[in-house]
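J.: Each chain, written out:
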Amino acid sequence: MTRPGVETGGRGSGDDASRRGRWLVVGPPFLWLGLFFLLPFLIVARMSLSERATARPPYRPAFAWEDGPAGWWDKLGQLSLDNFVSLLDEPLYLDALFTSLRIAATATLILILIGYPIAYAMARAPGRLRPILVTLAILPFWTSFLIRVYAWIGILKPEGLLNAALAAIGVIDEPLQILDTEIAVQIGLVYSYLPFMVLPIYASLEKLDGTLLEAAQDLGCPPWKAFWLVTVPLSMPGVLAGAFLVFIPALGEFVVPDLLGGSETLMIGRTLWSEFFSNRDWPLASAVAIVLLVVILGPMLLWRAVPQRDAEAGR
Amino acid sequence: MMGDAGAGNAAGRGTGRTATQAVGSVRRSFAPWTDPGAKPLIRYEKVTRRFGDVRAVDGVDLDIYEREFFCLLGPSGCGKTTLMRMLAGFETPTEGRILLGGVDLAGLPPYRRPVNMMFQSYALFPHMSVEANVAFGLKQDGVARSEIQDRVAAVLKLVQLEGYGRRRPDQLSGGQRQRVALARALVKRPKVLLLDEPLGALDKKLREETQFELMDLQVELGMTFLVVTHDQDEAMTMADRIAMMDRGRIAQCGTPAEIYETPATRGVASFVGDVTMFEGVVEGRAGSIVSVAGEGAAPSVLVDEAVSGRAGAVAVGARVAVAVRPEKITLAQDPPPPGTPNVIEGEVWDIGYLGDWTVYRIRLADGAIVRVSRANASRFVERPITWEDRVWIHFAPAAGVLLAE
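Protein chains in written order, with the working numbering: chain A, 1 to 315; chain R, 1 to 405.
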């Protein structure tokens, strides 16, 4: 993680040449972000304030280029937040949002519980084994995400591999209904996002100084306690990074609930998709997208605040 | 070279004649190792530690006494750190045993041993304040909260870090971190304090100051200190006794003066301080004076074997070396009077001016280089010695030490 305040501090006034050089370096990423993030966002934001229409595209833009600045000013007064209001009126959207939050939070928690031991074992493995283990952790990425989630249908369906295996060893008499439930969505999310949780935790555990644990033991602390007092707090940045890497995409996840969740699992990503493509209500779908963005932005800002607090403590 | 350490035990600059008694007079009358009735606090008994085929520590016997400031000295990889880590419990002896206060430590995990260690890297917990770092060990022992507060405050005062309790380790300078590490190890009042290269990360000035602070602290607390270091100045300045280690074995164990004045092996002689070795074959002896004949153009020298207390250790005809310290060799610009022992003619090859000392490298007829050092006691010299001057070096038989091959 970078510590912005520390690195840029103390060289405020550079000469013109170095300033120009800095812009050459910083410029391209800014341009990229502006073109492919800010601009699309503005388009969506405009759409969310527009009215639905039977047209192509299927909405009447709130602002148009031909209006000119005077026209835009005019329209600013007449802006309608109807789309956002209807999100509140219709319980479906709030339900979908809360379900998504719940499912993403649960998946994150399960991922920490599963991912931490895996990362710990990887970090404790002999040095020459570690690169192999890291490769194994990212190996699933070599296959398409869609295909891997699809494969879970074959495992989880009533006549699938899991039920067959359980029946064969006599644990169950009739097949369990796992597919098309929230459990299937959880399984899919945990499976898909595991590397994103394992790798940051591994990175923080791997650089942990082993003599700190020796020091703890030397001061009278048994190894299991040293784990809680030293290893866990020092790997927290990794856990936090993993949690955000997992929670944010899981919140808006579409593929997993669509393939594994059936019709009863309503997540915000699917709602958004169906508003866009089934109902063709682009303005409403855009409003959903904006709300989702704001919901995600909260924890994002929190995440940003953590390394900054660290940096301040380090001053 | 040793700087002028200023402590009483800085190795003597006197003439060779008085070497047996006066040189390196002991700092205080503390020498339990000379008392056969004294019980050692720490006892290593035939301790061996193997890593695969490598014997990191090889059959070490060592007694360390209470209130002693003991240094394990040696080049990196000599096994000194392993020897210390076995006492802390981080390594297990492959053979032999280690006793602390008469109790065998085998099977006792590090967190149950009444010793504390100051790590070379300091190993301060980066997520805890200075106070929390120091209090950590006391908390593990379940000491009452109010007592923890008092003891932490007291030990921070001792290491002159009052007012720094709230800081994080990364807000401290290197010297301050070193003090926190020391405080954290001291606060539990261990029977033995282990210090692994305690001053290694400090710059030279701070290192010298801290050496004396550590010595004062050790006397004040009456604690037993076991220090691992590769720095001979550090060991010479601080230690009551030094064990010089070489390839897993103890090459010599003694007071700094013993180690410097009468090294037991070539390894010790060349690791501690500067030395010139005159190689040769034992030709004969008259009383305690042994004559060593150089081969070819190499000079022949006389050496008093009584100096080392190892008289009669070498037979006539044995290959030996005579080790002479640079400050015990006299440099003359005119031939010394006849009858002066160990006179060798040479040419000034190199001069190194160190401020307090000047080191001359004298080239002999056989091409060998002899180091001679002279104190720059007076500001003006009538006939300065310069490059390519013909000079004569000489030293008393008692100035040299006879080393068997």
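Hints should not be assumed to be uniformly reliable.
Dumping the calculated DSSO-like pairs for lysine-lysine here, alpha-carbon to alpha-carbon at most 30 Å [as the list claims (entries may be wrong)]:
1. Lys207/A with Lys139/R
2. Lys139/R with Lys157/R
3. Lys205/R with Lys46/R
4. Lys191/R with Lys157/R
5. Lys139/R with Lys191/R
6. Lys204/R with Lys139/R
7. Lys225/A with Lys191/R
8. Lys157/R with Lys204/R
9. Lys139/R with Lys225/A
Listing some non-contacts, in silico: residues in chain A with all C-beta distances to chain R over 12 Å [stated by the list, open to error]:
10. Leu31
11. Arg52
12. Tyr116
13. Gly154
14. Cys221
15. Pro222
16. Pro223
17. Leu229
18. Pro233
Honestly, the hints are just simulated from the structure, not real lab data. Quick caveat, the model's predicted, so the values are computed rather than measured. Think of the CB as a built atom: it goes at the ideal place given N, C-alpha and C, for glycine as much as any other residue.
J.: A separate judgement is required for each hint: does it hold in the structure or not?
T.: So, going through the hints one by one against the coordinates:
Only pairs whose Cα atoms come within 30 Å are accepted, and Lys207/A paired with Lys139/R is accepted, the gap being roughly 27 Å. For the hint pairing Lys139/R with Lys157/R, the CA-to-CA distance comes to about 19 Å; that is within 30 Å, so the pair holds. Between Lys205/R and Lys46/R the CA atoms are separated by roughly 39 Å; this puts the pair beyond 30 Å, and the hint is violated. Between Lys191/R and Lys157/R, the direct Cα distance comes to roughly 21 Å. Compliance with the 30 Å bound is thereby established for this hinted pair.
Of the supplied pair hints, the one linking Lys139/R and Lys191/R holds, its CA atoms being roughly 18 Å apart against a limit of 30 Å. Simply put, Lys204/R and Lys139/R have alpha-carbon atoms about 35 Å apart, too far for the 30 Å limit, and the pair is violated. With a C-alpha separation of about 24 Å, the suggested pairing of Lys225/A with Lys191/R holds against the 30 Å cut-off. A hinted pair counts as satisfied when its Cα atoms are at most 30 Å apart, and Lys157/R with Lys204/R qualifies at roughly 24 Å.
Among the hinted pairs, Lys139/R with Lys225/A is consistent with the structure: their alpha-carbon atoms are about 12 Å apart, no more than 30 Å. With a cut of 12 Å on Cβ distances, Leu31/A stays outside the contact zone with chain R, its closest approach being about 36 Å. With a least beta-carbon separation of about 53 Å from chain R, Arg52/A lies farther than 12 Å from that chain, consistent with its non-interface assignment. No beta-carbon of chain R is positioned within 12 Å of the beta-carbon of Tyr116/A; the least distance is around 17 Å.
Non-interface call for Gly154/A relative to chain R: holds, since the shortest CB-CB distance, roughly 46 Å, exceeds 12 Å. Not every Cβ of chain R is farther than 12 Å from the Cβ of Cys221/A; the closest lies at roughly 5 Å, contradicting the non-interface assignment. Remark: the non-interface label on Pro222/A conflicts with the geometry, its nearest Cβ contact in chain R lying 5 Å away (cut-off 12 Å). The Cβ of Pro223/A sits about 8 Å from the closest Cβ of chain R, inside the 12 Å cut-off, so the non-interface label is violated.
Here Leu229/A does not stay apart from chain R, with its beta-carbon only about 8 Å from theirs, under the 12 Å limit. For Pro233/A, the non-interface assignment is contradicted: its Cβ lies about 5 Å from the closest Cβ of chain R, within the 12 Å cut-off.
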